[in-house]
Amino acid sequence: EDQVTQSPEALRLQEGESSSLNCSYTVSGLRGLFWYRQDPGKGPEFLFTLYSAGEEKEKERLKATLTKKESFLHITAPKPEDSATYLCAVPNLNQAGTALIFGKGTTLSVSS
Amino acid sequence: DTEVTQTPKHLVMGMTNKKSLKCEQHMGHRAMYWYKQKAKKPPELMFVYSYEKLSINESVPSRFSPECPNSSLLNLHLHALQPEDSALYLCASSHPLNEQFFGPGTRLTVL
Chain G
154 EDQVTQSPEA LRLQEGESSS LNCSYTVSGL RGLFWYRQDP GKGPEFLFTL
204 YSAGEEKEKE RLKATLTKKE SFLHITAPKP EDSATYLCAV PNLNQAGTAL
254 IFGKGTTLSV SS
Chain F
28 DTEVTQTPKH LVMGMTNKKS LKCEQHMGHR AMYWYKQKAK KPPELMFVYS
78 YEKLSINESV PSRFSPECPN SSLLNLHLHA LQPEDSALYL CASSHPLNEQ
128 FFGPGTRLTV L
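Which chain is which? The protein sequence lines are G and F, in order.
Residue numbering for the first sequence follows our numbering, starting at 154 and increasing by one per position.
Residue numbering for the second sequence follows our numbering, starting at 28 and increasing by one per position.
So that you can see chain G by itself, here it is in the shape it has in the complex (with noise of 0.2 angstroms):
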């Protein structure tokens, strides 16, 4: 069965103080893994897609990585604003590739 697995379930950080979210899956066959920002009530926020093992995508004080097996989403010098729950997913094949099978988030706090 297709699995999403993000960790740690929350993290505690200051300000300034750099980290790595990481997100395991294991999937029949990979289409691409798309990293989404969420904020509390609202909608999540499309952050980055990667496709290929060795791929990295930037925006900001984050970066995106793709190995075979997982993926790293690095904060570098977080803010307060960039606290939020980030979620990874990736299609799920066998729905046509049209669903999503998520993680159930990393929820950031960082402190000033």
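If you're looking for bench data, these hints aren't it; they were derived computationally from the structure.
Given the structure is predicted, the values throughout are model-derived calculations rather than measurements.
Warning: the hint list may mix true and false statements.
Taking lysine to any residue and the SDA-like style, the derived pairs with C-alpha atoms no more than 25 angstroms apart in a straight line are [claimed, not checked]:
#	chain 1	residue 1	chain 2	residue 2
1	G	K210	F	P123
2	G	K216	G	N175
3	F	K36	F	E71
4	F	K65	G	I254
Starting from the known structure of chain G, fit chain F onto it as the hints suggest.
Positioned in the frame of chain G, the structure of chain F alone reads:
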């Protein structure tokens, strides 16, 4: 433009009411989705429309009725809901197999 809009932002309804949620996108996406999200949980897929045809119904109770009038619009008709249906309802759109773009959601409370 990567915007998906949803109305209303908030909705409070009784168990005997009939209401509708609306979603619109102008990105030319031919796949549109409804998700339900409970607090501290990831979004849970309800329905998928592909080229205006219902392609996936995740065993959702019949008190939820989706409609796709055209390639830009998606509705979710609600009737005789239960308090446990209170949640954030999210609409999304995408090109098939590509990243999905989500709307801001409708916060639904059923009394």
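Inset, instruction - Starting from G/K210, check that the Cα of F/P123 is at most 25 angstroms away, please. - result: Holds: G/K210 and F/P123 sit about 21 angstroms apart, inside 25 angstroms.
Legend entry - Satisfaction of hint between G/N175 and G/K216, Cα-Cα up to 25 angstroms: 12 angstroms, holds
Legend entry - Pair hint F/K36 and F/E71, alpha-carbon separation not exceeding 25 angstroms: 19 angstroms, holds
Inset, instruction - For the pair supplied as a hint, F/K65 and G/I254, confirm whether the alpha-carbon distance does not exceed 25 angstroms. - result: Distance ~16 angstroms between F/K65 and G/I254 Cα, so the pair holds.
Every hint from the earlier list agrees with this structure, and none is contradicted.
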